[in-house]
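Engineer: This is what each chain is made of:
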Amino acid sequence: MPVTENWKPTIVAFCCNWCSYAGADLAGSSRLAYPADVKIIKVPCSCRVNPMFILRAFEKGADGVILCGCHPGDCHYSTGNYYARRRMTLLFSMLDYLGVEDGRTRVEWVSAAEGVKFSETMNSFVEKVRGLGPNVRLGDLRCRN
Amino acid sequence: MRRIGVFVCHCGSNIAATVDVKKVVEMALLEQGVVHAEDYPYMCSEAGQSHIAEAIREKQLDGIVVCSCSPRMHEATFRKCAEKNGLNPYLVEIANIREHCSWIHKDMQEATEKAVILMRAAVAKVHLNAPLKAGESAVTKRALVIGGGIAGIQTALDIADAGYHVDIVEKEPSIGGRMSQLDKTFPTLDCSACILTPKMVEAASHENITIHTWSEVEKVSGFVGNFTVDIRKKARYVNMDKCTGCGICQEKCPSKKPLNEFNRGLNNRSAIYTPFAQAIPNVPVIDAAACIKLKTGKCGICEKFCQAGAIDYAQTDEIITQQYGAIVVATGFDTIKLDKYGEYAYGESKDVITSLELERIMNAAGPTKGHLERLSDGKAPKEIVFIQCVGSRCSDDRGKPYCSKICCMYTAKHAMLIRDKYPDTNVTVFYIDVRTPGKNFDEFYRRAVEDYGVNYVKGQVGKVAPQSDGSLLVHGVDLLENKQILKKADMVVLATAIEPNSDVRKIATMLTASIDTNNFLTEAHPKLRPVESPTAGVFLSGVCQGPKDIPETVAQAGAAAVKVIGLLAKDKLKTNPCTAKADELRCNGCSQCAGVCPYGAISYETRQVNDHGIREDRRIAVVNSALCQGCGACTVTCPSGAMDLQGFSNRQIIAEVDAICR
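As they're listed, the protein sequences go chains A and B. Reading the first sequence from the start, the letters are residues 1 to 145 in my numbering. Reading the second sequence from the start, the letters are residues 1001 to 1662 in my numbering.
Careful: at least some of the hints might be erroneous.
[Claimed, not checked] Quick list of in silico lysine-lysine cross-link-like pairs, BS3-like style, CA-CA up to 27 Å: (1) B:K1199 x B:K1252; (2) A:K8 x B:K1022; (3) B:K1400 x B:K1337; (4) B:K1506 x B:K1234; (5) B:K1234 x B:K1184; (6) B:K1171 x B:K1184; (7) B:K1405 x A:K117; (8) A:K60 x B:K1298; (9) B:K1421 x B:K1488; (10) B:K1106 x A:K8; (11) A:K8 x B:K1023; (12) B:K1106 x B:K1080; (13) B:K1252 x B:K1171; (14) B:K1080 x B:K1570; (15) A:K117 x B:K1506; (16) B:K1023 x B:K1184; (17) B:K1400 x A:K117; (18) A:K117 x B:K1106; (19) B:K1298 x B:K1439; (20) B:K1527 x A:K117; (21) B:K1527 x A:K128; (22) B:K1458 x B:K1337.
Derived by calculation from the structure, the hints in this document are not laboratory data. As the structure is a prediction and not an experimental result, all values here were calculated from the model.
Build out the structure end to end from the sequences listed, making use of the hints.
Structural biologist: Shown next as structure tokens:
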């Protein structure tokens, strides 16, 4: 796919209900802008995110996927984010090996009070993905327009 | 195929100014299964809800998507509306097009495109939503209050008066907290102990209150209505039942070296001590690090003199396990450490003190018996300089970004009291702003200036330099006169910023209650739910939530108590029906899910399964829905994909992913 100046990446953000989704709400009510390319999916906990969901997103044409959860030690369910961290470490290194660059995936801890951090994270992530251009690996060509 | 209705809210202009709501409606009607779509200025209003009700009836909707504010705001409203109109509440999904869209994007086209995508994701999800029914769990009618300061005491008293049992856990040897260290209170100048100690006595004698002092919360498990808490009662080495509180042990104790924490380390105490005279309980503790007997085995003087035979060197820590329905955090505050503020010569000169230290000096039970004197030479100071905002409203990482709120008022109080008692002592206050919002606060400050002649200088102090003659040279600036000031002072008092107690992080982690970047506990909603933590069943009282003075703390303590009473008054609580469930045809009983479950909600049983006509006994995971909190850890761990989370199923989330990436 040719990269044009107006190209907009598709970015999926998985946010846990207790910290990061609330952090995104705080970013919203504080009017802290970040690009509209980011679309948030709410999950109860970062540990609910199956690596399969991330593979699916890339398959369907996502250019970047970010997973946000509570800070280590602050998980609403005590240990969920630790599982998420381990799973994502493995998944992301495998994706990197397959050619989905490291910059297209990220795990970030954002608390309910960190609206500023949420906005900054999304801004920097989108900028990174824009720099990398469209994701061509893993993408199901039948899904492309 | 579901019959789905999409309702797009304008939220006045909050959404409609940035998102073309008509366009969202138009696009919604193109989605598969959407049989109804409309927009309305305020969907959450009664009129808005009646539109939803009407559509449910007329179009036989069995799925609803509301494009509006965050589900944290109105998901419950719309679920209730659906339920009232005969639709299962879990067939409602919210597309957050306000916080996650209209409020953060400026470009209308971009925001509208995003709103359409969020709507599509919600429609895709609601296609797969199953009707769910909330279960019920019992409520343990007992509350725990962590912290025995004025906040904790007031919360406990209010809950206990309503007829529920309350336990107070206090880490110090006595309840009373910071307020017990204060001399007088603004703006009435009544004596702090005189208004606090009756409350302490009331708490101690209340039939519904149990006080655990010298104790700490060790472990918390469970959830709203059903918390299980381990409390560590630290070894006191004094038998609480035998001790009469005569105090002779403290007099006779030969180890007098430890710094007196209650007097902020300005003098010393014995190894066996009660922090202050009105301590509750009036039973001393032995400081194991300072006790000669416990360190070397020799001494035992207190035991010899104790006529009640209450000394017990063999005592060990004890763990109490108790069930609670609600937990209130009232852990309070401390002043910040001043090691990054070398310019004020705190620690270098004994005559540079914090306001809390001055509070102890002014107190009749303090290290100087209430006489205002320099700690270096015992002389009465003739020139005192107060420096405001030491570590508060700080833009660098040395201090805190917030206003500590109480300093302007207590400094006015100190200045006034000093001028009243020692009229020949001059008082100068260096300030950034004087902030006095509160009943009778500004009048109080003006009295300090007008009636008591306190000299207020707008400007900051750059340096306090100890001089060879024992005085302190204050290098300040007067912003209004636009000139530098050099002032010789005998004593400098620093209005030190306050910060949440250092234990609060540990406690927040145990409770999985969230905490902000300044370590204050986060409230469920900053305006509408200020005394509740986002974690159900955990409530906030006092300065652990944000800086407050005493009346505000007492008000918040009462508010927290009301929330607890409201919870404990219920016999049953509705539980979250979004729990995990194993597909018995796919489960092979491998036990991996039970290994990751933080609640021990998964067990295994042998069940007869009909797998495509073949009947056989299989070991299958069974989720106890009363224990499952719905995190979903098991669903990802399950190697055969048998475990799924209701309300956030694999298919639902994939449907959302597909809709977004379409």
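Engineer: Compare the structure with each hint and give your call.
Structural biologist: Hints versus structure:
1. With a C-alpha separation of about 31 Å, the suggested pairing of K1199 of chain B with K1252 of chain B is violated against the 27 Å cut-off.
2. Under the criterion of a C-alpha separation no larger than 27 Å, the hint pairing K8 of chain A with K1022 of chain B is consistent with the structure, at around 24 Å.
3. With a CA separation close to 11 Å, the supplied pair K1400 of chain B and K1337 of chain B stays within the 27 Å bound.
4. Simply put, K1506 of chain B and K1234 of chain B have alpha-carbon atoms about 17 Å apart, close enough for the 27 Å limit, and the pair holds.
5. For the proposed pair K1234 of chain B and K1184 of chain B, the alpha carbon gap of about 32 Å is over 27 Å, so the pair is violated.
6. Taking the CA atoms of K1171 of chain B and K1184 of chain B, the gap is near 24 Å; set against the 27 Å cutoff, the hint holds.
7. For a cut-off of 27 Å, the pair hint linking K1405 of chain B to K117 of chain A stands: about 26 Å separates their Cα positions.
8. In summary, the hint linking K60 of chain A to K1298 of chain B is not supported, as the alpha carbons are separated by about 77 Å, beyond the 27 Å threshold.
9. A hinted pair counts as satisfied when its Cα atoms are at most 27 Å apart, and K1421 of chain B with K1488 of chain B qualifies at roughly 21 Å.
10. Between K1106 of chain B and K8 of chain A, the direct Cα distance comes to roughly 16 Å. Compliance with the 27 Å bound is thereby established for this hinted pair.
11. The hinted pair formed by K8 of chain A and K1023 of chain B meets the criterion: a straight-line CA distance of about 21 Å does not exceed 27 Å.
12. Distance check on the hinted pair: K1106 of chain B and K1080 of chain B sit about 33 Å apart at the alpha-carbon level, beyond 27 Å; violated.
13. A distance of roughly 26 Å separates the Cα atoms of K1252 of chain B and K1171 of chain B; the hinted pair therefore holds under the 27 Å criterion.
14. For the hint pairing K1080 of chain B with K1570 of chain B, the CA-to-CA distance comes to about 19 Å; that is within 27 Å, so the pair holds.
15. For the suggested pair K117 of chain A and K1506 of chain B, the alpha carbons sit about 23 Å apart, so the restraint of at most 27 Å is met.
16. For the given pair, K1023 of chain B sits about 63 Å from K1184 of chain B by alpha-carbon distance, which is inconsistent with the 27 Å threshold.
17. With a CA separation close to 18 Å, the supplied pair K1400 of chain B and K117 of chain A stays within the 27 Å bound.
18. In summary, the hint linking K117 of chain A to K1106 of chain B is supported, as the alpha carbons are separated by about 20 Å, within the 27 Å threshold.
19. Our distance criterion of 27 Å between C-alpha atoms is broken by K1298 of chain B and K1439 of chain B, whose separation comes to about 57 Å.
20. A distance of roughly 21 Å separates the Cα atoms of K1527 of chain B and K117 of chain A; the hinted pair therefore holds under the 27 Å criterion.
21. Only pairs whose Cα atoms come within 27 Å are accepted, and K1527 of chain B paired with K128 of chain A is rejected, the gap being roughly 36 Å.
22. Restraint check: the Cα-Cα separation between K1458 of chain B and K1337 of chain B comes to about 25 Å, which is no more than 27 Å; the hinted pair holds.
Hint violations for this structure: numbers 1, 5, 8, 12, 16, 19 and 21, all remaining hints satisfied.
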